[in-house]
Every structure is written in C-alpha cells, then in structure tokens.
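**Student:** What follows is the residue order along each chain.
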Amino acid sequence: DGGITQSPKYLFRKEGQNVTLSCEQNLNHDAMYWYRQDPGQGLRLIYYSQIVNDFQKGDIAEGYSVSREKKESFPLTVTSAQKNPTAFYLCASKLGQSYFSGANVLTFGAGSRLTVL
Amino acid sequence: GQSLEQPSEVTAVEGAIVQINCTYQTSGFYGLSWYQQHDGGAPTFLSYNALDGLEETGRFSSFLSRSDSYGYLLLQELQMKDSASYFCAVRGFQKLVFGTGTRLLVSP
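Taken in order, these protein sequences are the chains called A and B. The numbering of the first sequence is our numbering, which starts it at 1 and goes up by one. The numbering of the second sequence is our numbering, which starts it at 118 and goes up by one.
Extracted from the complex, chain A is given alone in its bound form:
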C-alpha cells in the first residue's frame, strides 16, 4: 500500500543538538511539505518542495533545514537554532508539481513527536 512513512515516531533531544526527522513516500507525489503542530493549534508550514532539488521556506522556517535529493524523500533537520522545537511534526505530500495541477488533497504521515529535554 502506498503512503508516507515518518520516523522516528518519538524523539527526545538535548538542548543544543541537531536532529533529523525522516519522511519517505511511495505515492509518486511531486510535492512534499513539513508542518509543525503545537497543542491546541493548527498546522504551520515549515518548508515545502514541489520538485527534486528545489524547496521553499514556509511561514516558520527559522531553525529548520531540509533537502530534496530524491522524489521519495524529504528529511527535516531541527537545528539547535530552533528556540522551541518541542512539537508534533507532520510530513505531507501532494500529487502534481504545478500548484494548480492535481487534486487539492494532502496525504499526511503519522507524525513525529519531538521533545527537548
């Protein structure tokens, strides 16, 4: 079955450490996204990529970095510069490279919960 796999599901980090969250999809989707969700809040866009080797900053990109070397993979690194990294991180993908192509449906992974100790 096609889908999005995020790992790890739970991650604990000490202050000052960088951590990388994995996101892999086998849906052959072109666009991939990273969202952050804090308790009782909506989803805020961190980074997105519409094509391999290209990505754009979202609304809260500071302290995060991404890469898109393969169509299937879009890892997110939470750096030590991110002042408040404890959150639930969601990766999503969408069919269609062009923003106006494909269905207006995001498919989400199960999420990674990061806690800074």
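By construction, these hints were calculated from the structure, which means they are not laboratory data. Some hints here could point you the wrong way.
Taking lysine-lysine pairs in the DSS-like style, the calculated list, with each CA pair at most 25 Å apart, reads [stated by the list, open to error]: (1) Lys57(A) x Lys70(A); (2) Lys14(A) x Lys83(A); (3) Lys212(B) x Lys71(A); (4) Lys70(A) x Lys212(B); (5) Lys9(A) x Lys198(B).
To give an idea of the chain A side of the interface with chain B (calculated C-beta under 8 Å), a few residues [stated by the list, open to error]: (6) Gln41; (7) Gly42; (8) Leu43; (9) Leu45; (10) Tyr48; (11) Ile51; (12) Gly58; (13) Ala61; (14) Leu90; (15) Val105; (16) Phe108; (17) Gly109; (18) Ala110.
Derived CB-CB ranges, DEER-like [what the hints assert, rightly or not]: (19) Pro225(B) x Glu69(A): 48 to 58 Å; (20) Glu69(A) x Gln193(B): 43 to 53 Å; (21) Leu171(B) x Asn18(A): 41 to 51 Å; (22) Thr128(B) x Thr79(A): 38 to 48 Å; (23) Gly3(A) x Asn138(B): 27 to 37 Å; (24) Lys14(A) x Leu171(B): 43 to 53 Å; (25) Tyr10(A) x Leu168(B): 24 to 34 Å; (26) Gly175(B) x Lys14(A): 44 to 54 Å; (27) Gly63(A) x Gln193(B): 38 to 48 Å; (28) Met197(B) x Ala81(A): 42 to 52 Å; (29) Asn84(A) x Leu191(B): 29 to 39 Å.
Think of the CB as a built atom: it goes at the ideal place given N, C-alpha and C, for glycine as much as any other residue.
Chain B: place on chain A using the hints.
**Tutor:** Structure of chain B alone, referenced to chain A:
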C-alpha cells in the same frame, strides 16, 4: 497575509447535527478544504470546495460562499468516532494554510 477563524470547541450528542464554521482572509483564494484529525493521529482529507455551494459526501457536507469569505462543515448523524479536531484550510496563491482547528466532542 492569510488568516482563518474557527470555533475552538463544539459539543454535541450522538445522532445530532453539528456545523463548524470557518471564516478566512487571504491574498489569493483557490479553494477551501476540510481535514479531520483524531488525537495523536494524522490529518485526513474530508472535502474541498472551489466554487460556491454545497458539496455532500455521505454524512459530511461542506459549504462555501466566496463573497462572504465563509465556509462550513456539516456533520450529520453524529457518531462517537466523529470526536476529533476539524481544520479548515485555504488554498492560497502558493500554499495551503490551516486554521487553528475545532475540537468536536460527541457524547452519548
């Protein structure tokens, strides 16, 4: 900029009908979506409105009025499993922007 407003919480009983409203302000508008998220889970797509009017999918319906920058999600014949958070999301010029979500609590 873009902003969306939803009620933070709605309560209802099994079998009832509930409406979750969403008002938005965006620079560029290409449609309104609704997603459901159970606690600790991934959001899942429910519906999408690009044009004014009502879209029906089983027990769920979604409505859009572009002139009023307003939409709603209507859930009928509520079941306990419908207890979840519901997010509206506006498809703007470059990306999908989510509201803060409405927590729906369904009681017996």
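**Student:** Which hints, by number, does the structure contradict?
**Tutor:** 11, 13, 25
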